[in-house]
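Enquirer: Now for the letters of each chain:
There are 2 protein chains.
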Amino acid sequence: MHRNMDSRIRLPFLKERVTSAAKAAEWIQDGMTIGMSGFTRAGDAKVVPLALAERARHEKLKITLMTGASLGSDVDRTLTEAGVLARRIPFQADPVLRAAINRGEVMYVDQHLSETVELLRTRQMAPIDIAIIEAIAITESGAIIPTTSVGNSASFAILADKVIVEINLTQSLELEGLHDIFIPKHRPRREPMPLMTPYDRIGSTAIEIPPEKIVAIVFTEKLDSSSTILPPDTETAAIAAHLVNFFKEEVAQGRLSESLLPMQAGIGTIANAVMAGFIDSPFKRLTMYSEVLQDSTFDLFDAGKLDFASGSSITLSAEKSRQVFNDIGKYKDRLVLRPQEVSNHPEIIRRLGLIAINTALEADIYGNVNSTHVLGTHMMNGIGGSGDFARNAYLSVFATKSIAKGGKISSIVPMVSHVDHTEHDVDIIVTEVGLADLRGLAPRERADIIIDRCVAQPYRQMLQAYVARAKQRGGHTPHILEEALSWHTRYRDTGSMLTSQITPDIGSYEKSVSLSI
Amino acid sequence: MHRNMDSRIRLPFLKERVTSAAKAAEWIQDGMTIGMSGFTRAGDAKVVPLALAERARHEKLKITLMTGASLGSDVDRTLTEAGVLARRIPFQADPVLRAAINRGEVMYVDQHLSETVELLRTRQMAPIDIAIIEAIAITESGAIIPTTSVGNSASFAILADKVIVEINLTQSLELEGLHDIFIPKHRPRREPMPLMTPYDRIGSTAIEIPPEKIVAIVFTEKLDSSSTILPPDTETAAIAAHLVNFFKEEVAQGRLSESLLPMQAGIGTIANAVMAGFIDSPFKRLTMYSEVLQDSTFDLFDAGKLDFASGSSITLSAEKSRQVFNDIGKYKDRLVLRPQEVSNHPEIIRRLGLIAINTALEADIYGNVNSTHVLGTHMMNGIGGSGDFARNAYLSVFATKSIAKGGKISSIVPMVSHVDHTEHDVDIIVTEVGLADLRGLAPRERADIIIDRCVAQPYRQMLQAYVARAKQRGGHTPHILEEALSWHTRYRDTGSMLTSQITPDIGSYEKSVSLSI
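Chains as they are written, first to last, in the numbering used here: chain S, 1 to 517; chain H, 1001 to 1517.
The shape of chain S in the complex, shown without the other chains (with noise of 0.2 Å):
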C-alpha cells in the first residue's frame, strides 16, 4: 500500500485498482484509439505511454493517439521510435515524431484546438477506447482532478470506454481547485455558455465520470518537461517595445483602457518574450485568457501587472516551475485551467473581445501567415491554438523575427508557401523592425505598409520590387504567379533566399533594426 494512498484515492474501492504502468498498459490493444492527459508539456500521461512502447518490442502494436496539445517526458519520441503510433491528434512538437510525419509514415490530423472534442463528441471522428489521464488525486466520488494541464483530459476520460488514471505525487494536493471542469452540451440543446470574464468559474473542480470506468492507477513522480523557451533578446524586446507603443497610442485614441483586453499569447519564445515586456509598461490589471501560462504570466503578477489569468496548462521553465509550483497558494486564488475547448471557444473569444498574439513561421506582403510548414511541405508543430483567437479576437496579431537563419530566410516573403491563416485574420505583423497595422485597409495597401515597416534590408528592396511588378499584371491581390514561391525554391536549390547579386550585409540589417526601436 502506497504512503499517499488515502488522500490521493478518496474512494476505497478504486485503492484496488493500483497496479503497475506494464500492467496498465496491458488494457491497450492495437488498433484502439487512445486519448492522453497533457497539454504543452504539461500534465501528460508519462509512464504508461512508455509501458506501452516496450510492449511494441515484442508485438504489433498501433493506436491512434489524441492529446490535448504537445507532450513532454519524450512520450512522442519513444512511441514514435517503438513504431506505435499509426495516427497522431491534434497537435505535437517533437523532432522525431515530425521526422515521422513528415515521411509519411505517421498520420498527423493537425486541427483547431478547440475542435478536436466536439469531433468526438459528436462521432465524427473515431470513438475513444482508453483515457490515461495525469491527476493529483481521485476523489470520494471518483472524480479525477487533473495535474498541470486540462486540455481535452475531461471530454477524453467522459468519451471513452475505460480510464487509467496516472497519480503524479510530485504534484502537490494544493493544485485542487485550480480547475474549472465545464462541459457544452450536446447539440442541438446547447445553451450559452455563461463565462462573461476571465475569472468565471462555470464548472467543476474535477472530471466526474462513473469510477467504474477507472480500469488502473498509476503512482508516479515524474516531473513535467520544462519548458524550452529562450529568454528575450535584442530582437524579441524590440518586437515587445513596438507592441507596447501600438497599444499605448490605442489607449490614447480611447479605443482601449489602460488594463487593454484579456490577453491571449501563444506559446514559445517570441509570446513569452512579448508578454514580458508587459511588465515595463504604463498599462495596469491586465487579465489574461489564453492557453498555456508561461513563465512571463508569473513575472506578470510578480511584477503587480496582471490581475487574474486562465488557461488550459502552466508551462514554465525549470527555475520558473520550482518558484511557482512550491508556493502555488501564492498565486492560486489568480488562476483557473480549462478544458481547451473553453480556453479556446469561439464563443468566449468573441464575447470578451480578446488580444491574441501568435507567432508566425512567416508572413507574406498581404498578410497571409503560415504557422506550420517548412518551404510549404514539411510540418514543423502544428496550428494549435491559433486559429481559434485568430478568427475570433478583437485583435489578431502574428509576432515573428523578420530573417531566419542569419539573414538567408526572410520571414516575410512574396507569398507564404502555406496558409493557416488569411489575410482577413491578421491585423497586426509585428517583427523587430517595426509593426504594420493593417486594419481597414486594401491588399495593395497591406502590402506597402509589411514591407515598409516589418523588412528590413536588403529583403525590403527585393519585396518593393516584386511588388510594383506584380502591380502592373494587375489584380485585387497583385502577384507574379510564376515567382510567387521562388523564394522558397531558391532557399531550397541555393541555401539562401537572396539573388545571388545580393550578399546579406548582417550589420546594415542590425543597423535598420537597431534605428527602428
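Straight-line Cα separation of at most 35 Å, DSBU-like style, residue types lysine-lysine; simulated pairs: (1) 1185(H) / 332(S); (2) 1332(H) / 185(S); (3) 1405(H) / 471(S); (4) 405(S) / 1471(H); (5) 1248(H) / 1332(H).
Have a look at the derived ranges for each label pair, beta carbon to beta carbon: (6) 1222(H) / 445(S): 31 to 41 Å; (7) 200(S) / 1226(H): 40 to 50 Å; (8) 1015(H) / 284(S): 45 to 55 Å; (9) 215(S) / 1123(H): 48 to 58 Å; (10) 307(S) / 1123(H): 17 to 27 Å.
The set of hints was computed from the structure by calculation and includes no laboratory data. All values derive from a computational prediction rather than experimental measurement. C-beta atoms are modelled at their ideal positions from N, C-alpha and C, and glycine is treated no differently.
Fit chain H to the supplied structure of chain S, relying on the hints for placement.
Expert: Same frame as chain S, now just chain H:
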C-alpha cells in the same frame, strides 16, 4: 404630402424631413464614410446613391462605402462609373466595380461578414458619417423597419451621425414583424447571445435610434433586383444527390437525426441547387440558419420539408419574388431576418451546430479552398460569410463543379492560387463526380480521396501523377513547389490547364460523371 405618409411615417415631426433623393444626397460630403443597407441585392438603398453619382458629375466626391453585402439596382456599377468609390467594404459582386478593384482604383476591404460592425463599434475602422437605410416604415418612436434585408443596417444607423431613410412603397407593410434586431453590448461587458434555436427571437422588430438623427426621408418605388441564379442543371443535381446520400448515411450511422441540424447555404446557383435537392430527400422538419434565403428556401417550405428559416436577407428570382411577397403572410411565421452579425455569429454557429454549405472557386488536393481570387490575383466577389460558417460549423461542406470553361479549367488543382479556407475548415468537398469525406484524415489521405472521388479524367490522372511525385520529396503536405501553381500559369499562357499532350475528351468526362451518380 404623399398618400402613404401616415402609415409609413408614424412619428409626425419626421414627415417634414421628406425630400427628394437629390436633396438627401446633398448631406453627403467628399471624404465621408457612408453605411448603406443592402445584403445580396436585397433591401438596398436605391435612389440616394444614384443621386450621389449624379452629383459627382459636377464636383469631386469620393467616399468609403460600407454595406451589408452585395447590392443590386446597379448602385455599385453607377458609383464606380462616376468615380465616387475610394474604398468599398465588406463585399461586392458587381462586374464594373470588380474591374476597378482589380485595376487598383478602388480599395476593396474583403471582410468576414460578421466582423464589420465589430470593427466599427470598437472604432478600429473610420466611423460612419451617414447611414442610408431602406425601410418599409418609421414607427411612432422613430424606429426604422427594414425591408427585405437587415445586413449591417441596424449598426450603421446606430453608429452614424446622421441617417437617411428610403421608404420603399413597393414593399408591403406586412413585412413588419419579420425582423429581429439584436445588438450585442460593448466589451468587456458583453453577455451571451440568448439564441438557442433558429426560431428564437431575441431583439426588437425595428432599428431603434434617436429619431432626430433622421435628416432626410425619400420615397421610392423601385423593386429589389432579382436574383441572378441559374436553374439546377445535371452537375448541380449530381452535387445535391451526393450530399443527400451522404446525409442519409450520417442518419443511418446515428450521427444525425432525420431533421439533420440547422443548415446554412451560401449565395448562388450551386448552393441554391443543393438546397433544392433536399425537396426529394427523406429528411423532415429541416431548419435553416443562414445568411441569404433564396428560391430553394421557399420551395422547401412549399414541399413541407422546412419548418423554419432564419436569414439576414431574402433574395429571389423575379417569378419567385412575386409569388412569395404577394403571399408573405403564408410564410411570415416561419421566417426571421436578423443582423448579419447575428446570422453569422461564431457563438451561434458553434452552439447550433450548423451544417454549412458553401461554394468553392477552386480547391486543392489537400482541401484548401479559394473562394475569391481568379488565378490567385483577381478578385471575383469576396469571402462573404463563408469564413464565419466554415470555421465554426458542425460540418463544413464546399461544393464546386469539377471543371469550368468546357474542361479547360480543373476546379481541383495541386495548390490553390489563393487560400480563403484552410484544410482545417473543410470537412467535405463535393463535385458532380462525387463526395470526399475528409473528417479525421491527414493531408496525404485527403489528397488520395479528393482526387479519387471529386476529379474526372484527365485531371484525375494528372493529379495522381503530381501527388505521387510530390510524395517522393516528402513532407506532411507533399508538393513540388516549383510546379504547385503551374496549372494556373499554364491556363494563363495556353488557355487550358491541360498539358499539350492531353486534349480534353468531354465524352469520357461525361461518362465518368454519369457513372458516379
